[in-house]
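Chemist: Using the sequences provided together with the hints, build the complete structure.
Residue numbers for the sequence shown follow the numbering used here, so the first one is 1 and each next one is one higher.
Please note: incorrect hints may appear among the correct ones.
[Unchecked claim] Here are the computed distance ranges between Cβ atoms for each label pair:
# : residue 1 : residue 2 : range
1 : V43       : A130      : 32 to 38 Å
2 : P108      : A130      : 29 to 35 Å
3 : N59       : L22       : 35 to 41 Å
Worth flagging that the hints you see were computed from the coordinates, not collected in a lab.
For each residue, glycine too, the CB sits at the ideal point set by N, CA and C.
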Amino acid sequence: MSSLDPSMRPPTYEESGPGWLLFAGIMIVIVGVLNVIYGIAAVGNSAFFVNDQKYILSNLNTWGWVTLIIGVLQLLAGFSLWSGNLYGRVMAIFFTSLSALAALLSIPAYPFWSLAIFAIDILIIYGLAAYGGQRTTTA
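Modeler: Given below as structure tokens:
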């Protein structure tokens, strides 16, 4: 019988899990900072946004506050995630899910930005859900 070359075997949970957690933590902080910046710009009626767009629930100012609050909550969740406990992971998944929903609801205002944030949020949720827990069993 021949054994597989160690360099040819697929990565195990121990090898890929911490990478996904690090990715999710970094991305949730980046998205949180960007949401805070865009929220402040929207609240301040910046010329960056088209002010007369039709929004699903309200106007640009309201969506600015929603984005700002979600961004701050994502920052808190990102730092809590890096502390390594279950509460941080649950917070990160919950607030990232809120961010994904808000991104979809804000498509009329800035479609490409909303879809980019939505895609990143989905990757964060996948990384946290698939590799967020500690496995203690071995095969």
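Chemist: If a hint holds in the structure, say so; if it does not, say that too.
Modeler: Going down the list of hints, with the structure as the test:
| no. | hint | in the structure |
| --- | --- | --- |
| 1 | V43 to A130: 32 to 38 Å | holds (35 Å) |
| 2 | P108 to A130: 29 to 35 Å | holds (32 Å) |
| 3 | N59 to L22: 35 to 41 Å | holds (38 Å) |
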